[in-house]
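Asker: These protein sequence lines are chains A and B, in that order. This note's numbering puts the first residue of the first sequence at 1, with every later residue one more than the last. This note's numbering puts the first residue of the second sequence at 1, with every later residue one more than the last.
One or more of the hints may lead you astray.
[Said to hold, decoys possible] Straight-line distance between alpha carbons at most 30 angstroms, and here's what the computed DSBU-like set of lysine-lysine pairs gives:
(1) A:K150 with A:K174
(2) A:K432 with B:K57
(3) B:K202 with A:K364
(4) B:K107 with B:K202
(5) A:K461 with B:K134
(6) B:K107 with A:K461
(7) A:K461 with B:K129
(8) B:K245 with B:K230
(9) B:K107 with A:K432
(10) A:K406 with B:K57
(11) A:K150 with A:K166
(12) B:K57 with A:K461
(13) B:K230 with A:K461
(14) A:K432 with B:K115
(15) B:K115 with B:K146
(16) B:K146 with A:K432
(17) A:K461 with B:K133
(18) A:K461 with B:K245
(19) A:K461 with B:K115
[To be verified] Partial list, derived from the structure: chain B residues whose beta carbon lies under 8 angstroms from chain A:
(20) A55
(21) E78
(22) A79
(23) G99
(24) S108
(25) S238
Rather than coming from a laboratory, the hints here were simulated on the basis of the structure. C-beta: ideal position from N, C-alpha, C; glycine also.
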Amino acid sequence: MPAVKETVKQVDDIGVDKYKFGWSTDLETETAPIGLTEETIRFISKKKNEPEWMLEWRLDAYQRFLSMKEPEWAKVNYPAINYNDMYFYSAPKDTDGPKSLEEVDPELLKTYDKLGIPLKEQEILSGVKSNIAVDAVFDSVSVVTTFKEKLSEEGIIFCSISEAIKDHPELVRKYLSSVIPKSDNYYSALNSAVFTDGSFVYIPPNTRCPMELSTYFRINAENTGQFERTLVIADKGSYVSYLEGCTAPQRDENQLHAAVVELVALENAEIKYSTVQNWYPGDENGVGGIYNFVTKRGDCRGKNSKISWTQVETGSAVTWKYPSCILRGDNSVGEFYSIAISNSYQQIDSGTKMVHLGKNTSSKIISKGISAGHSSNAYRGLVSSHRRAENARNFTQCDSLLIGNKCSAHTVPYIETKNSTSVFEHEATTSKISDDQIFYCGQRGINIEDAIALIVNGFCKEVLQELPMEFAVEAQKLVGISLEGSVG
Amino acid sequence: MWGKKSVMFNVSNLTVSVEDNEILKSFSLDVGPGEVHAIMGPNGSGKSTLAHVCAGKEDYTVLNGEINLNGEDLLDLEADERSTRGLFLAFQYPIEIPGVTTLTFLKSSLEAHYKANNREVLSTPDFMKLVKKKAAELNIDDSMIKRPLNVGFSGGEKKRNEILQMALLDPQICILDETDSGLDIDALRLVAEGVNNLRNEKRSFVVITHYQRLLDYIKPDFVHIMYNGKIIETGDSSLALELEKSGYNNYIK
Numbered sequence: 001m002p003a004v005k006e007t008v009k010q011v012d013d014i015g016v017d018k019y020k021f022g023w024s025t026d027l028e029t030e031t032a033p034i035g036l037t038e039e040t041i042r043f044i045s046k047k048k049n050e051p052e053w054m055l056e057w058r059l060d061a062y063q064r065f066l067s068m069k070e071p072e073w074a075k076v077n078y079p080a081i082n083y084n085d086m087y088f089y090s091a092p093k094d095t096d097g098p099k100s101l102e103e104v105d106p107e108l109l110k111t112y113d114k115l116g117i118p119l120k121e122q123e124i125l126s127g128v129k130s131n132i133a134v135d136a137v138f139d140s141v142s143v144v145t146t147f148k149e150k151l152s153e154e155g156i157i158f159c160s161i162s163e164a165i166k167d168h169p170e171l172v173r174k175y176l177s178s179v180i181p182k183s184d185n186y187y188s189a190l191n192s193a194v195f196t197d198g199s200f201v202y203i204p205p206n207t208r209c210p211m212e213l214s215t216y217f218r219i220n221a222e223n224t225g226q227f228e229r230t231l232v233i234a235d236k237g238s239y240v241s242y243l244e245g246c247t248a249p250q251r252d253e254n255q256l257h258a259a260v261v262e263l264v265a266l267e268n269a270e271i272k273y274s275t276v277q278n279w280y281p282g283d284e285n286g287v288g289g290i291y292n293f294v295t296k297r298g299d300c301r302g303k304n305s306k307i308s309w310t311q312v313e314t315g316s317a318v319t320w321k322y323p324s325c326i327l328r329g330d331n332s333v334g335e336f337y338s339i340a341i342s343n344s345y346q347q348i349d350s351g352t353k354m355v356h357l358g359k360n361t362s363s364k365i366i367s368k369g370i371s372a373g374h375s376s377n378a379y380r381g382l383v384s385s386h387r388r389a390e391n392a393r394n395f396t397q398c399d400s401l402l403i404g405n406k407c408s409a410h411t412v413p414y415i416e417t418k419n420s421t422s423v424f425e426h427e428a429t430t431s432k433i434s435d436d437q438i439f440y441c442g443q444r445g446i447n448i449e450d451a452i453a454l455i456v457n458g459f460c461k462e463v464l465q466e467l468p469m470e471f472a473v474e475a476q477k478l479v480g481i482s483l484e485g486s487v488g
Numbered sequence: 001m002w003g004k005k006s007v008m009f010n011v012s013n014l015t016v017s018v019e020d021n022e023i024l025k026s027f028s029l030d031v032g033p034g035e036v037h038a039i040m041g042p043n044g045s046g047k048s049t050l051a052h053v054c055a056g057k058e059d060y061t062v063l064n065g066e067i068n069l070n071g072e073d074l075l076d077l078e079a080d081e082r083s084t085r086g087l088f089l090a091f092q093y094p095i096e097i098p099g100v101t102t103l104t105f106l107k108s109s110l111e112a113h114y115k116a117n118n119r120e121v122l123s124t125p126d127f128m129k130l131v132k133k134k135a136a137e138l139n140i141d142d143s144m145i146k147r148p149l150n151v152g153f154s155g156g157e158k159k160r161n162e163i164l165q166m167a168l169l170d171p172q173i174c175i176l177d178e179t180d181s182g183l184d185i186d187a188l189r190l191v192a193e194g195v196n197n198l199r200n201e202k203r204s205f206v207v208i209t210h211y212q213r214l215l216d217y218i219k220p221d222f223v224h225i226m227y228n229g230k231i232i233e234t235g236d237s238s239l240a241l242e243l244e245k246s247g248y249n250n251y252i253k
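Excised from the complex, chain A in its bound form (with noise of 0.2 angstroms):
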């Protein structure tokens, strides 16, 4: 796959800088104005030509995020964000949505080949080998989507929310907010009001999409908060496999980040979710970086469904993220697969939550979480059963590797039954990358840096088989990068 391919050899040829995409492009930007106010979010209603339910839908979310609090319960420290120095809206000039790819900005194309996402190579490869379509979403709006005539043909529907907004109005609506209300959280609450784009996928009723779907989100003004929003909606009996990248520039100043994902799957349907994310962590000493707030969750609303959430966390300062499933069908299964790897200054509070409410339903959790240099990586997780949710299973492990002896791991997890025919099992280790292992590795020719990424590699095979083959090979090598440094 030329898309990987190509990450992958920019990740080989890694120089002095350690993160890979630490630059910026010169784009002539748009910007909404600073701060976050009713005004703010009237003009990126209207920069977006929404219809007037969206404008009340926003106006009626800030008002809810007006009178709720930080959330401060997470094992994460950073200053306190203020939203009134902020841009809420960025966007390359003149591109108020996709358009076809001859008429999108060179510079912006050139970016995203930078990240190894050459749309128009997977453009004119189409129909040659298996493709992935991307949707990319660059600050606030998105750029271009890819191969849309060819899944409409399916009857498929991917394209950026903002197109969706206008064009499929009946499915956002009824869907929006159904899985994530607008108040669930400060950070959804926030993202409701200003979110500028995201991805929409709709796969209708017994159909299998083709391809992988892919959106990759960049964030690259300065002073900016990203806000996407993606809504995936899987009808009875069909099945879709969603990728998710995210990249930022090397910035001094944390950039925040706080999207929400909706997934729903109904009766027989299957959503598996993959993420890859590598925004900025910040430099050696913690300065910089992106803070991830982010809502993800998924409901299991039909029979038999299933979701599968699988994410690789290596970026960001600050990361607060629990992709979770409701387990509302009878028999549906969710699963969570996680990496995170923290090094450096970086804290990660991640985990999930497994709510199960119908009969017979499972669920299973794999994290493994590595931490290296000064930082701190926390597994929170819930999993719980209603009284009525009969025959509940749930199987957790969670294993932590720490690499030298200044970082931390902790796990927190929450169990909560009300209904005994449950069945819940929690199992967790903590080890450490030995002297005596680097050195075994050493005495045959695997240097430090290859020889952490091999142990760690083996310590997270159960979640990268996990991936999609195409983004597994990318994951492995950012495993490495990630904890470059990690021993001295």
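Use these hints to put chain B onto chain A, whose structure you have.
Answerer: For chain B alone, kept in the frame of chain A given last:
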């Protein structure tokens, strides 16, 4: 007799300490191409320290001396560089790496060697062919190399795995650190045969052992008695037989 033959690997006046304790005291050893040297000695004489320092393990302080391989001082090099220059250490206690299959480890190791020596890396099918051939010679079956490295391996499997790596990496100087420990007689024979198959006029061995019985299988050219951080007696293979009979006391003054 030393001066006349060419020397491929030599340790000279090596003094090494751990936490202010001198373990090696001006230790010297010359090894010519194709030679097999056995080092015997009572516990605590510094044999394993010698093996580890040669291979570049940290936590030792080298106070004086040199370790040369083909005229290059190894002391300035990292462990992996010494390995790719052709030094191999068969561990007394091979290390476990959970989650990493033996096969993956062998591939990473071999690739690191090929890259360091500017050789073209083997394709996966060629690599598999090579491994299977070498593994069969050591009676190692496929299921073993698919398991995580050394995890749950028996003593015999671990040591055979060490010899398999030795065979793959094609080293010039092999140091065997008590490879016979923990082996039953059949496993010992298998491992010794593996080593013997690797003997040739260029490759040299330093065999560290407590017991004569390994030397029944791997015939040494020289036997050294090590005591208190240096060699106190050198002879041919008959020295080992004598030791077996009378113990170290006759040599320790």
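Asker: If you check each hint against the structure, which ones fail?
Answerer: 3, 13, 18 and 25
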